[in-house]
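Participant: In terms of the UniProt record's numbering, the sequence shown opens at residue 1 and continues consecutively.
Worth flagging that the hints you see were computed from the coordinates, not collected in a lab.
Any given hint could be a false lead.
[Unchecked claim] Ranges of calculated distance between the beta carbons of each label pair, as one might list FRET restraints:
| # | residue 1 | residue 2 | range |
| --- | --- | --- | --- |
| 1 | 39 | 85 | 40 to 50 Å |
| 2 | 151 | 106 | 30 to 40 Å |
| 3 | 341 | 232 | 18 to 28 Å |
| 4 | 151 | 232 | 50 to 60 Å |
| 5 | 105 | 73 | 39 to 49 Å |
| 6 | 97 | 13 | 14 to 24 Å |
| 7 | 232 | 9 | 23 to 33 Å |
| 8 | 260 | 179 | 46 to 56 Å |
| 9 | 295 | 340 | 28 to 38 Å |
[Stated by the list, open to error] No farther apart than 16 Å at their CA atoms in a straight line, the calculated lysine to aspartate or glutamate pairs in the EDC-like style are these:
| # | residue 1 | residue 2 |
| --- | --- | --- |
| 10 | 119 | 65 |
| 11 | 300 | 264 |
| 12 | 119 | 69 |
| 13 | 288 | 322 |
| 14 | 274 | 249 |
| 15 | 274 | 264 |
| 16 | 274 | 189 |
| 17 | 73 | 83 |
| 18 | 288 | 241 |
A virtual CB, placed ideally from N, CA and C, is assigned to each residue, including glycine.
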Amino acid sequence: MTGDIREVLQYVPLFAGRTFVIVFDEGLLPESAVAETLLDLIALQRIGVHLVVVVVGGDLGDLVDWAVESEFKAEPVSRILGEEGCWQECRSLLQRGQAAMVDGRGSRVLATRVGQLAKDLAAAKLMVLLNEYPGFGDRPSIAEGSIVAGEEHELLVMAAEICRLGVPRVHLLNGHLQGVLTAEIFSNEGVGTMVHADAYRAVRPLREEDIPELLAMMGRSVRASHLVPRTYEQVASRLHDFSLLTVDDNVVGCVAVHSYPGHELGELACLYVKESHEGRNYGGDLVKVAEGQGRAAGLKGLFALTNRAAKFFAARGYSRHEMDLLPEVRRKQLEESGRNSEVWAKWFT
């Protein structure tokens with residue numbers, strides 16, 4: 001539970017002051033899960049999220065009644081979704097601290113006018129609570145080029161079109177799942193399907209302001225002797241060697257490639273993925289990143305020193321070697337450290 005709370009807290013400063021548009025699909029009202037969702041909305045409002053709630057195909061009055069009973073700070077908009085002045089009225093309500101409740105009669109959940117409303121309000125997220133949630137939610141991700149058919153395909157195409165309008169992220173959620181909004185929003189991996197215009201999972205260079213977070217993240221592994229201890233100054237002196245893996249702008253892993261003058265192999269070092277994100281092949285992805293950087297730098301291959309990840313490296317084409325493979329300066333450092341590390345290396349083809 002404590003870990004869950006900490007994961008939630010990292011998002012609070014990111015979401016405060018942002019606008020989320022929440023769409024209720026036809027058939028969800030009235031529904032017991034909606035009462036739970038309303039509590040989620042109240043919680044989001046309390047941390048400073050601006051909310052616009054759109055009811056498609058149902059009776060907005062039902063949701064208004066529930067909002068009154070729950071003491072949700074909200075007011076229905078006088079104009080129907082798509083009518084002139086609708087988004088301006090929504091904006092006025094948001095500016096005075098209330099959520100805007102919009103009648104979306106005659107619209108589909110991912111119609112252009114839904115996306116246009118989100119765009120006009122500069123919404124950070126458009127979240128759709130679906131009455132019938134298709135099967136793509138059973139997969140952790142949908143790769144570009146995957147074959148997706150039927151209703152799944154239609155929803156994804158419409159969500160992508162809304163992203164092209166300028167809405168950064170569209171979330172497709174099971175509207176009958178209790179607590180689905182907070183479960184989706186306050187975790188890196190979520191519980192639904194997200195279509196996004198920006199890079200949700202990305203690898204970027206380490207910046208100096210990232211160093212304290214990097215050292216803190218690796219602290220447990222350093223204590224367990226899985227990683228070499230590093231100081232702030234040591235990392236800063238080789239800043240450009242390091243790369244960070246981020247998920248939803250949160251740092252979850254790292255890797256470094258160190259080169260040695262006069263030696264054809266570089267060192268794959270500081271490979272680490274947070275325990276909370278293990279089992280998703282992020283480590284393998286970081287190895288690929290390091291290998292790409294090594295090739296770009298003109299290296300012939302990479303070596304890694306490990307006392308616990310031999311199987312991991314063997315599965316990725318690395319083989320074990322003797323210490324004399326190492327650059328002399330690195331071999332001396334290893335001998336002086338007293339670490340019982342094995343040498344694994346891979347030559348680029």
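Participant: Starting from the hint list further up, note which numbers the structure goes against and sort them upward.
Facilitator: Structure breaks hints 1, 2, 5, 10, 12, 13, 15 and 17.
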